[in-house]
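Q: So the protein lines, in turn, are chains G and C. Going by our numbering, the first sequence opens with residue 1, and the numbers climb by one from there. Going by our numbering, the second sequence opens with residue 1, and the numbers climb by one from there.
Warning: the hint list may mix true and false statements.
As the list claims (entries may be wrong) - Partial pick of chain C residues on the chain G-facing surface, computed with a CB cut under 7 Å:
{"id": "1", "residue": "242"}
{"id": "2", "residue": "255"}
{"id": "3", "residue": "308"}
{"id": "4", "residue": "310"}
{"id": "5", "residue": "343"}
{"id": "6", "residue": "399"}
Keep in mind that the hints were calculated from the coordinates and are not lab data. From a predicted model like this one, the values you see are computed outputs, not experimental measurements. Ideal placement from N, C-alpha and C gives every residue a C-beta, glycine not left out.
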Amino acid sequence: MLRLRCPVCGMLAEETELHAGGEAHIVRATAGDSDAEFEAYMFLRKNVKGVVFERWLHQYGCGKWFHAARNSTSHQIYGTYPAQSAEPPAALLETIAAAVSDSGITESGASAADESTNDS
Amino acid sequence: MDRYSVFALAREAIRNHRGWNRAWESPAPDRHYDVIVVGAGGHGLATAYYLGKNHGITNVAILEKGWLGGGNTGRNTTIIRSNYLQDASAAIYEKSRSLYETLSQDLNYNVMFSPRGLLNLAQTHHEVRGYRRIMSANGLQGVATSYLEPDAVRKLCPVMNLNGPRYPVLGALWQPRAGTARHDAVAWALARGCSAMGMHIIETCPVIGIRSADGAVSGVETTKGLIGCNKLALVAAGHSGTLAEMAGFRLPIESVALQALVSEPVKPCLDVVVMANTVHGYISQSDKGEMVIGGGADQYVNYTQRGSFQHIEETVRALIEMFPFLSNLTMLRQWGGIVDMTGDRSPILSKTPVDNIFVNCGWGTGGFKAIPGSGWAMSELVAKGEPGTLAAPFSLNRFREGMYVDENLAAGVAH
Ligand SMILES: Cc1cc2nc3c(=O)[nH]c(=O)nc-3n(C[C@H](O)[C@H](O)[C@H](O)COP(=O)(O)OP(=O)(O)OC[C@H]3O[C@@H](n4cnc5c(N)ncnc54)[C@H](O)[C@@H]3O)c2cc1C
Ligand SMILES: [Zn+2]
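Bound-form chain C, shown alone:
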């Protein structure tokens, strides 16, 4: 792997950028791997990356049905935060957020992590109480958040109209080290890191069947043939249910559409992330100047990667009340992703009824922030066959045992 540096940049500038190598190799699949990861989204790639980096397992293939990062990882609005309510969530999301702080250095690739701070607006008295409660919980969990009164919110975000007619801003939960990163860069950087360790990233290679013998996995059927493995990690977000079905079990997941949109680029005017759960909208400004906008998820099963028009309308309506200047902007693009929702709005990192098959899914509307932390925890589960402390609370058994990690309050809106 070529190291990226200012010297490399200068060298290539002189020779017209002809010396750059591909960031990752695209080999033909081998017949057998120690571990196969299904899904080259952020979570699959991070699982593979930390399998190599933390556990020395590098005979790994990552199989992707489309193109790398073309699922939700390349479709999300990139909010990174860890101000959840439950201890188990705070542990894994804060681990993830803290890994983001040094991810660019670790991967020698600029993922443009920007800890610009995040406001969760409280617009009802119920939300005021909810966010004060989360702030107290976060204090005990070692996650730095504070509760701000409207004046402090106005100082951080002068372009916002705090006295909106429907829902005036009553305060906000503030996480100063939350922020955003560049989604594609996270996928590409992890892929480059995996490839450098000798792992095989195989795109346009859908898994269409799962083989097992004596209750343990033996390999996968793909459009590029049968590939054997000792262990299999299913990391396919909204399509996890289909893969589970191939392996003969069912997941407590429903797949629904979540949408986002971006405006034309404008001069910098918003240097924090703002989330407004009551009115269902959230917004940040990208480095290019585009306003990145997201809202609520649809409520019915959908695999089309297209969502409902009225959700876009609802989101834009909410945000125009809070940011009246938005009404003058043209929206450039709008798209959807298929997100994997669990009943308690928490992810699944777990063993499964089939030996040596592991699942990592259920991140729903909020898993971009969790990519490095989830990979860290999942790689330990796959390498050792047992979950470590980060993954243990997120087992599939919790739905049977009633040990839910209930995040309906903290994850009330898509993000």
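The shape of chain G in the complex, shown without the other chains:
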């Protein structure tokens, strides 16, 4: 079972008290966007095999949303951070880069982390 530290209330929340909210840092589409941009916003998730940044709701706890960084090939949790972040905090990205090179796992893990740095 996944256990994530809720950055809002500080509790170590178990998966059963959480609700998964999907990929984080998706920028909302606006009225002037093209069909392709709307499609990307609506459907084209990164679906990374490696480090994923995602939203979670502390549903049966404090009821607040937050963000987490997790490895989708190992379920390793790198950390959680506030929902009000437009991108993952720099310290967390460093932790991830260190963890990924330590464990020697997946290039995709490393490239996923890089990708998200460039992204937002």
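Based on these hints, arrange chain C with the ligands on the given structure of chain G.
A: For chain C with the ligands alone, kept in the frame of chain G given last:
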């Protein structure tokens, strides 16, 4: 290919079964093929099989990173049905179900298709209305289903407790020609059929890169070297996104874990398939006597082939309410598969931004039933370069154009 028959069985019985040949060859890859199919699951194999059988294209290789049928095809709970809502779905799923009826004869291999009938239980008033609506739609689509009141459900399934405390059974959608088949046998039979036409099935050969020139595919990089091709079919379920990335485009897919479990074998007591979407559980009894149980999918991206414990608990809890005798059974095995979910819960059979690359994916939690129909439609798309009527509604463009084939109601639970 040796034909299997009662005479062959008798002959081999006499000589201690020493004369059987391997069901399919495992050659080293050639340098170039007309068509390469990536993924030796049911859909990849069926695509290859019908490419040969319906379109005469046999210079084909099927590349598999692990072992044949070791993906979701060998991990599913084998429910076969075609009682979907939308016309496009009914067409391809019913084509598939009807191909299953004669698949054993066609492939000269017993895939143990068992059209034992399937109950979709209605346990809320919303579901009652939903299933009545599907029944009406199915009537117009030529898919035989009916709506049953609780008494008729009890007759079909006496071991079930219809008056469960949380969700009493209010009725059911009944598809009498739905059922199950043996999953491994479907993969093995198709592989044997492909091999007999001279196709190359190459296992433990992951594709690690895709080469293209002037916007068209030219070959794939694998751990066994570079292999050229004129056309490439990506049929890799939960791993489709990774392959699309190699080819330089993104798919509207999220990969999540779906789990199943089986009990110790018991005497025959359940001769229909029962699905209960409200409580998230479904069950059938295998020919060996095991109760085959599945439930809901996890909600987050996962490539580990392991799912969450609480989903097993949720599924078992739901089924024990409906089948109290299950509480006395020991569960033997539990496993997970990585399923490829699309936003409208319908598959993708489509051309892609790269010429001569085609994708077949997005079958999510319910593609075992679709194996022959999907192969049929996909082979036409690959052979002609354009989709036929079965595949056309399932193009990638539908997400951009808003032409969704919305099956959230009919596919509300994993199956
Ligand atoms: C627990 C569970 C229960 C299910 N129950 C049902 C059910 O009752 N009824 C139903 O209709 N459906 C069910 N499904 C869904 C069904 O199993 C799938 O939709 C179907 O099997 C998909 O077949 P496929 O050939 O597309 O994928 P797979 O069988 O997964 O085949 C894809 C293959 O591609 C290979 N591959 C991936 N990447 C690469 C690469 N880079 N290079 C080479 N090869 C690669 C994989 O190793 C794999 O063998 C269930 C699924 C699960 C997990
Ligand atoms: Zn909290």
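Q: All hints, please: hold or fail.
A: Hints, one by one, checked against the model:
1. 242: Residue 242 of chain C check passes; min Cβ-Cβ to chain G is 6 Å, inside 7 Å.
2. 255: holds (6 Å)
3. 308: holds (6 Å)
4. 310: Where the cut-off is 7 Å and the nearest Cβ of chain G is about 5 Å from residue 310 of chain C, the hint holds.
5. 343: Holds: closest Cβ of chain G sits about 5 Å from residue 343 of chain C, inside 7 Å.
6. 399: This hint holds: residue 399 of chain C lies near chain G, its Cβ roughly 5 Å from the closest one there, short of 7 Å.
Checked against the numbered hints given earlier, the structure satisfies every one of them.
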